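Chain A is fixed; fit chain B onto it per the hints.
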Amino acid sequence: MSTVTPNLPPKREITTVPRFSDKVFRAIVTAGGLSSLVVLALIAFFLVYNGLDIFRSEGLKFLTGFDWIDASPEEGLPAQYGIGAMLYGTLVIGFLAVLIGVPIAVGAALFLSYYAPEWIKKPMVVVVDVMAAIPSVVFGLWGFFILMPHAEYWAKLIHKYLGFIPFFDMPAPAYTRSPFIAGLVLAIMIIPIVTSISREIFAQTPLDRIQAAYALGATKWSMIKAVVFPYGAGGIVGGAMLGLGRALGETVAVYTVLNLVYDIRIEVLLSAGGSVASMIVNKFGEADAPELRALMAAGFVLFMVTLLVNFIANIIINRTARKG
Amino acid sequence: MNDVHVSSLADVASNHASKKQPGTAVLGTGLEARGVHAWFGKKHVLEDISLDFFPGTVTALIGPSGCGKSTFIRILNRMHEFIPTAALAGEVLLEGKDIYESGTDVTKIRLRIGMVFQKPNPFPSMTIKENVLSGLRLAQLKVSGEDELLESCLRRAGLWEEVKDRLGEYGGALSGGQQQRLCIARSLAVNPQVLLMDEPCSALDPGSTLRIEETIRELSSTMTIVIVTHNMQQAARVSDYTGFFLSDGGPGRLIESAPTSQIFSNPKEKRTEDYVTGRFG
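Line order of the protein sequences matches chains A and B. Adding 22 to a residue's 1-based position in the first sequence gives its number in our numbering. Adding 8 to a residue's 1-based position in the second sequence gives its number in our numbering.
It should be emphasised that the hints constitute simulated quantities derived from the structure, not laboratory data. Fair warning: there could be bad hints in the mix.
[Stated by the list, open to error] Heads up, simulated DSS-like pairs for lysine-lysine below, C-alpha to C-alpha not over 30 Å straight-line:
#1 A:K247 with B:K137
#2 B:K137 with B:K172
#3 A:K45 with A:K33
#4 A:K242 with B:K105
#5 B:K51 with A:K242
#6 B:K116 with A:K247
[To be verified] Which stretches of chain B does chain A cover? Using the computed rule of at least three CB atoms under 8 Å from a CB of chain A, they are:
#7 86-94
#8 132-146
#9 185-199
All of these numbers come straight from a predicted model, not from anything done at the bench. Ideal Cβ positions, reconstructed from N, Cα and C, are used throughout, including at glycine.
Isolated chain A (complex conformation) (with noise of 0.2 Å):
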């Protein structure tokens, strides 16, 4: 083809003269988008010029260590700073609340989009936002409470039944402040964001596959698995994900509802567990100069893990975005 036209002319350069106003609201909007920037990166480089000296002495230990010991002068020696254990149960509590609290949540956006009546709906939307609003020191005040002694009971069903799976192993009668019953606190507290999330993608649903499978005498839920979960499954899988950044940076919530224990134990309805924010702020208090850091170097590693969770998340949901 380029030898039929030899001489293509350059490309032009296709501009325009922004007016006054332009250049002005360009200039206040760019600064409100790019501020956000900046305060994540005075975190980040707060928090790891803090802690650079422990990242240093303790090197990949921080991560793997389960010891969280302060230097002793008087013996000779030194401290030791690892979040192995921490970490591990961050996860694994973040993990359950997911478990626990998307399957609640996807059901109750089906309910609101497809089952609720009008009069039910409006206000239940109401609500369920507000559910996002209770301070977590509530949540946890009422998980210590109320929801503690039923889930006690719980777990004790689920030892029974389950126990030969070593998950549901219990080496000793302590089934309160668990990481079960941590779980199953912030499964409640991520059920808002996930429902609200699940429920504004199932309602971006085309109505023409919705009535084309209605058409061929689909009922609600075989309507339902054939257009809505295949449409939505990325926006689920978003929310979860969002879900999933929210339990793992909980801290006052958790701090009140786990014994927090050095150590890494698999059976989720002991009353061991660990969570890397609660213990920052279990620490916090009594923490002297080294320690402090140690604990920044802690936050960092979160901050870093809950950063990266959202941001999976975000990819997750464009890409669904895209493809509607």
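Below, chain B alone, put in the same frame as chain A:
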């Protein structure tokens, strides 16, 4: 000018192959609308429509935009009720039984009265094969010989030759006209007695439109077909009977219904003549 136009449409209408009379086929008693009214909220959109659809024939519903013909066709398989404020009066009888009778399982009604929509809407998450057979899955029907059913539906929809080597591809990979024929094949798989088509060619190019019209002619020997169309040539080409709808600002009414050749050559109503000769609408 107009006279030429009329006579050509009338010729088309009187020339197509099958000259059917009501009740000639043994395909049941078809579908009947009896005194149907429809409302959206307080707005009365259809007034007292009574119309018979005979087995083995194609009935075209024509009329200007906003005359209620799409609303009417959606009433015929209970898609009307998906619009939140929609209300209705009157009866729709399928083999003499009211499809709106309380205690009716609406999913069974829609299995017997299929529908093809204006915009081709194959399920994008399913392959061509899965799309054709999706109705079985959706309605939880068991069928032996899925492959034979797949082939026969695609053949009847006039799509088999074009897709037989790519049944595992996704439905969205087809052209618009092929997608619409895929949607027709999908409707046929659950073996409906009646097929409703709401402007099935309005999003298609002329070649695809002709293919679909051939398909409609072929299908009409085995089922009752109702088609809404804005295209009067299309009504003249494919239909045995035509109903003309019109709204004078109020609810839509059925102005005239008759054999298609009569509507296009010798309509009883002045308004019908004005519309089919292109004086308005």
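Given that the region 86-94 of chain B was listed as covered by chain A, double-check it with a C-beta distance under 8 Å for 3 or more residues.
That given contact holds, which follows from 3 residues of the region 86-94 of chain B lying within Cβ reach (below 8 Å) of chain A.
Pairwise hint evaluation, B:K105 against A:K242, where the allowed Cα distance is 30 Å at most
Cα-Cα ~24 Å, so holds.
Restraint check for A:K45 with A:K33, where alpha carbons must lie at most 30 Å apart
27 Å, holds
Residue count check for the region 132-146 of chain B against chain A: does it reach three with CB-CB under 8 Å?
It holds, with 7 qualifying residues against the three required.
Count the residues of the region 185-199 of chain B whose CB lies closer than 8 Å to any CB of chain A, then report whether that count reaches three.
Held - the region 185-199 of chain B has 4 residues with a Cβ nearer than 8 Å to chain A, which meets the minimum of three.
Could you grab the alpha-carbon distance between A:K247 and B:K137 and see if it respects the 30 Å cut-off?
18 Å, holds
Tell me if the straight-line CA distance from B:K51 to A:K242 falls inside 30 Å.
Holds. B:K51 to A:K242 sits at ~28 Å (cutoff 30 Å).
Given pair status - A:K247, B:K116, alpha carbons within 30 Å
19 Å, holds
Holds or violated: B:K137 and B:K172, Cα atoms, limit 30 Å.
It holds: about 10 Å lies between the C-alpha atoms, which stays within 30 Å.
Going down the numbered hints, you'll see the structure goes against none, and every one checks out.
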